[in-house]
Amino acid sequence: MKTRWWVPFAFLSPMLIGLALFRFAPIFIAVIGSFFGQTIRGETIFKGLANYVDLFEDQSFWASIRTTLVFNLIINPFQVVCAMCLALLARRPTRFVDVFRASFLMPMTTSIALTSVLWGILLDPSMGPVNGFLRWAGVPAQGFFRSGEQAIATLILVCTWKGAGYWMVFLLAGLLAIPKELDEAASIDGASPWQRFRYVTLPMMRRPLAFVLVADTAINFLLFAPVYVITHGGPNGATHLLMFEAYQSAFAFLNHGRSLAISTIILAIVLVIAAFELRLFRHKEGEP
Amino acid sequence: MTKLTRRQVVTGSLALGAGATLGANIARAQELTLKVVWMGWPDGQVDPLMNEFQRRNPRIKLAVEKIPFTQIFQTLEVRLNARTGDPDIYICDSPLTASYASRGHLMELDQIIDKSRFTSGGLAAGTYNGKLFSAPFGSSMQVLYYNKAMFKAAGVAEPAADPAKRWTWEQLVEAARKLSKPAENLWGFAFEQSERPYQLLPLGQSLGGKALSEDGFKASGFIDGPAFVEAYGFMQKMYTEWKVSPPGQFDPATTPELFGSGRTAMMVAGTFNNDTFKSRYPNLEFGVAPMPYFAKGKPVTPTGAWHIGVNPRTTHKEASATFIREMMSEDIHSIWFKLRPYPPVLKSIFQREAAAFNTELWKVALAELDTTAVPRPATPGFREYEDVLRVALRDIQTGANVQQALSQAAQRIDRELAKYRG
Amino acid sequence: MAPAQMRLMVFMRYAALIAIAVTLLAPIYWLLMSSFRPAGDIFRFAGQFSIDTLVPTTLTLENYRAIWDGPFPRAVFNSLFVSLVTVALGLLVNSLAGFAFAVFEFPFKRTLFVAVLLSFMMPFESIVIPLYVLMGWLGWVNTYAALIMPDVASGLIVFLFRQFFAAVPKEIYEAARIDGASWWQIYRRMTMPLSGPTIATASLMMFIHQWDAFFWPLVAASTQDLIVVQVAIARNMTLEQSNWGSLFASASSAVLVALVPFLALQRYYIRVVTLNAER
Numbered sequence: 001m002k003t004r005w006w007v008p009f010a011f012l013s014p015m016l017i018g019l020a021l022f023r024f025a026p027i028f029i030a031v032i033g034s035f036f037g038q039t040i041r042g043e044t045i046f047k048g049l050a051n052y053v054d055l056f057e058d059q060s061f062w063a064s065i066r067t068t069l070v071f072n073l074i075i076n077p078f079q080v081v082c083a084m085c086l087a088l089l090a091r092r093p094t095r096f097v098d099v100f101r102a103s104f105l106m107p108m109t110t111s112i113a114l115t116s117v118l119w120g121i122l123l124d125p126s127m128g129p130v131n132g133f134l135r136w137a138g139v140p141a142q143g144f145f146r147s148g149e150q151a152i153a154t155l156i157l158v159c160t161w162k163g164a165g166y167w168m169v170f171l172l173a174g175l176l177a178i179p180k181e182l183d184e185a186a187s188i189d190g191a192s193p194w195q196r197f198r199y200v201t202l203p204m205m206r207r208p209l210a211f212v213l214v215a216d217t218a219i220n221f222l223l224f225a226p227v228y229v230i231t232h233g234g235p236n237g238a239t240h241l242l243m244f245e246a247y248q249s250a251f252a253f254l255n256h257g258r259s260l261a262i263s264t265i266i267l268a269i270v271l272v273i274a275a276f277e278l279r280l281f282r283h284k285e286g287e288p
Numbered sequence: 001m002t003k004l005t006r007r008q009v010v011t012g013s014l015a016l017g018a019g020a021t022l023g024a025n026i027a028r029a030q031e032l033t034l035k036v037v038w039m040g041w042p043d044g045q046v047d048p049l050m051n052e053f054q055r056r057n058p059r060i061k062l063a064v065e066k067i068p069f070t071q072i073f074q075t076l077e078v079r080l081n082a083r084t085g086d087p088d089i090y091i092c093d094s095p096l097t098a099s100y101a102s103r104g105h106l107m108e109l110d111q112i113i114d115k116s117r118f119t120s121g122g123l124a125a126g127t128y129n130g131k132l133f134s135a136p137f138g139s140s141m142q143v144l145y146y147n148k149a150m151f152k153a154a155g156v157a158e159p160a161a162d163p164a165k166r167w168t169w170e171q172l173v174e175a176a177r178k179l180s181k182p183a184e185n186l187w188g189f190a191f192e193q194s195e196r197p198y199q200l201l202p203l204g205q206s207l208g209g210k211a212l213s214e215d216g217f218k219a220s221g222f223i224d225g226p227a228f229v230e231a232y233g234f235m236q237k238m239y240t241e242w243k244v245s246p247p248g249q250f251d252p253a254t255t256p257e258l259f260g261s262g263r264t265a266m267m268v269a270g271t272f273n274n275d276t277f278k279s280r281y282p283n284l285e286f287g288v289a290p291m292p293y294f295a296k297g298k299p300v301t302p303t304g305a306w307h308i309g310v311n312p313r314t315t316h317k318e319a320s321a322t323f324i325r326e327m328m329s330e331d332i333h334s335i336w337f338k339l340r341p342y343p344p345v346l347k348s349i350f351q352r353e354a355a356a357f358n359t360e361l362w363k364v365a366l367a368e369l370d371t372t373a374v375p376r377p378a379t380p381g382f383r384e385y386e387d388v389l390r391v392a393l394r395d396i397q398t399g400a401n402v403q404q405a406l407s408q409a410a411q412r413i414d415r416e417l418a419k420y421r422g
Numbered sequence: 001m002a003p004a005q006m007r008l009m010v011f012m013r014y015a016a017l018i019a020i021a022v023t024l025l026a027p028i029y030w031l032l033m034s035s036f037r038p039a040g041d042i043f044r045f046a047g048q049f050s051i052d053t054l055v056p057t058t059l060t061l062e063n064y065r066a067i068w069d070g071p072f073p074r075a076v077f078n079s080l081f082v083s084l085v086t087v088a089l090g091l092l093v094n095s096l097a098g099f100a101f102a103v104f105e106f107p108f109k110r111t112l113f114v115a116v117l118l119s120f121m122m123p124f125e126s127i128v129i130p131l132y133v134l135m136g137w138l139g140w141v142n143t144y145a146a147l148i149m150p151d152v153a154s155g156l157i158v159f160l161f162r163q164f165f166a167a168v169p170k171e172i173y174e175a176a177r178i179d180g181a182s183w184w185q186i187y188r189r190m191t192m193p194l195s196g197p198t199i200a201t202a203s204l205m206m207f208i209h210q211w212d213a214f215f216w217p218l219v220a221a222s223t224q225d226l227i228v229v230q231v232a233i234a235r236n237m238t239l240e241q242s243n244w245g246s247l248f249a250s251a252s253s254a255v256l257v258a259l260v261p262f263l264a265l266q267r268y269y270i271r272v273v274t275l276n277a278e279r
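Chains as they are written, first to last, in my numbering: chain P, 1 to 288; chain X, 1 to 422; chain V, 1 to 279.
Note that these hints are calculated values from the structure, not bench results.
Since the model is a prediction, treat every value here as computed from it, not as a measurement.
Please note that the accuracy of each hint is not assured.
What follows is a set of in silico ranges between Cβ atoms, one per label pair, in the way DEER data are often shown [stated by the list, open to error]:
id, chain 1, residue 1, chain 2, residue 2, range
1, V, Val114, X, Lys317, 47 to 55 Å
2, X, Arg415, P, Leu271, 29 to 37 Å
3, X, Arg415, P, Cys85, 45 to 53 Å
4, P, Glu181, V, Gln5, 20 to 28 Å
Glycine included, every Cβ here is placed at the ideal spot set by N, Cα and C.
Chain P on its own, in the form it takes in the complex (with noise of 0.2 Å):
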């Protein structure tokens, strides 16, 4: 809506004011980074596109960017299911509902870099738990994290134990504001569930499940912590994220035009996989 010229301003200037002093400076200066290098003595020398040339001249880049998109492929609508599938079945009083919704908020409090080292020793091949009962249940033990085949998947189902709870808060929200009304009506229409959820549920969740959807792409092509805890990109590379190279990059290799040019790709493919994200759940009236 339309209002005098300074309203917007006051209600947004706190927030600009602090994601200008402590984001937009950074990230500006990290992209200008990018073009730079540094000698080992320190002194910053201009690079040009040198280390994205050498980014894109190396084979093991373009490995990384395949594990990244195929990991974030699937993560991606697997966690948003999963996340839509406990907000639906959170919703309903059943009896203890509140003890079920906390018990699928608990992997929440974990940090993501307890959650690593938790599962790391829970899925350790000959220390962990998990084998361990595998071993007693007569199934051989399995490699999980150790092996070049289930290691990513792997690293999908243990992000999606510490997100789906994380993410279902948002779409619960989400679902309780859709009235009751709407639901009942399309019932008594003799609707089936599925149908109900399609035609009902569905459009009115677009604006949780456009924010759920873009925040969870943000944070996955953004994650690195159990590859850097647990497989350091291995098998294999087989979870060499390019969030981990780029982080290597800076603190292995101290390389530090290199890390930063990378970052600024991740973030160029994030805004446009957001963009397109955003799309697809734009609302009816054409604002998104």
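Starting from the known structure of chain P, arrange chains X and V on it as the hints suggest.
Below, chains X and V without anything else, positioned relative to chain P:
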């Protein structure tokens, strides 16, 4: 009305905040505080040292930050990269001395320390380009621990404690095969740090291999040479063919638990584990033997440890020098030895704590330090070297082609080390 | 629907709820249960499954006693303080901005919104050095300000509020404006009171974000008096000697403390918001 008030509040707070920080800065400049970044050892192993320093130097305050091991290198990178005077002092892993020094993050210590008091090994670990850049604070040594009960039960002869009669790797594998039952999660042997160059370089070095070129800039032809290929091929078979070691056991924090809870009969690990086993697994009967070697080669053991470094940009040069001198005093080294029994680097400690060295463990460890210890290669690009090699060693353990993995690693290392030439 | 079919549906729902709850809770149960074991027992029963893996043979409080003496209680206080202040400031700052994006038209609105989204899409490790230098200039290194201020304004939370506020039909605002209400009054008296679940969700997000903070506190404010909970937990893992008992006890404590706000705010998810019914 309401909007203007809010704006006034915002500007007012900004002004207040600016004034407060200015005042705080002025106050801070008047007292002398050294900012120390230390390893996140338990408080009981850090505070006694710092308190002793404060007792002797009440006019120098210490602001000590204890950073967990998993983040110490990264945190230091951020701080040092900002190229300010913060921190004044920091803990420095000895093989990184060259890396920090070449990038201008360490102050020369030749004038501050009396080098004659130290062991040659300790000094070598902190020297770069002929100058001492990090103050030696301890050393390290690896030994072979073995579970006496498991050996007795399987009727296998124990490894000899006499370094002259130490086992070969071949002998070890032979014994391990009799002690392993992979299906029941029982193993004959495990490396404490099964993917780290610290633990595994001695294997190739035992066969005569060199980990890196003399000048510290070239890995191709060295780490992927025949000695290392043969050594790591042997190591790979421990996991894949002979099945005497648990594959995928990369976390050095859980491997001692493997030994302590009786799941592995032998383990090559640091001297420090001795105390852990005695306190956490009191019923464990274990013995100590020297680290094995390859029959056709020579015994080689790893070494190197935590040193102390000074930020050359420190604004408190005198106080920092005092700190180093105090930390290198015999009293402080003695306290440190009692808190965390690393092999000493100060010659006088050997006499002073002679009683403690009478155990089986120390007899083996000290003998090794004198005869077989080889520090990690000195190169400014040690972080890069170590990280690339780690990945290769992991992949080798899970079955990758040894020559290929090592050659690829060598090429990557060469590329990363190129920036340190000239 | 036939009664038998309904009973099946109910049974399926409960079965699904229980199965999911068990899967999600099992690792945390193991964490909690391990914290009550003596250090030697934690791994003794881990590799082979037996009843001892699930139920400890010896129970002890020694791990909790140990962490009580160390920096952990201080860390809990610091993290609670930082988290709660961030939530208080952040709710105000970010909801105001979300409101603006949802309700007003102004020049560069689209660009600004993209910028807001962008702010949480850049890897933190790439901005940590400039951010640290900035803390140095502001004199905030090793202060609570360094832990709190950079995380008050959050693009993600602005996005969250904006999504919710945009669902409110414009006619409601028009009616209120015609009645002479100022925008501040509309925001404060109409929109915010009806945003229970969103406020609860935003609070939980910001709380968890600060509660989980690890790398930034290490870089910017890691003196003893400012230690935060995740750093205190991580201190138990050193290279040659990991203190598993303390690790699990402190991790369990952190999990239990973090659960409190979630349980407290649960009731906001029961209240059904019916803006449409207001019409």
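Hints that the structure is at odds with (numbers, increasing): Violated hints: none; all satisfied.
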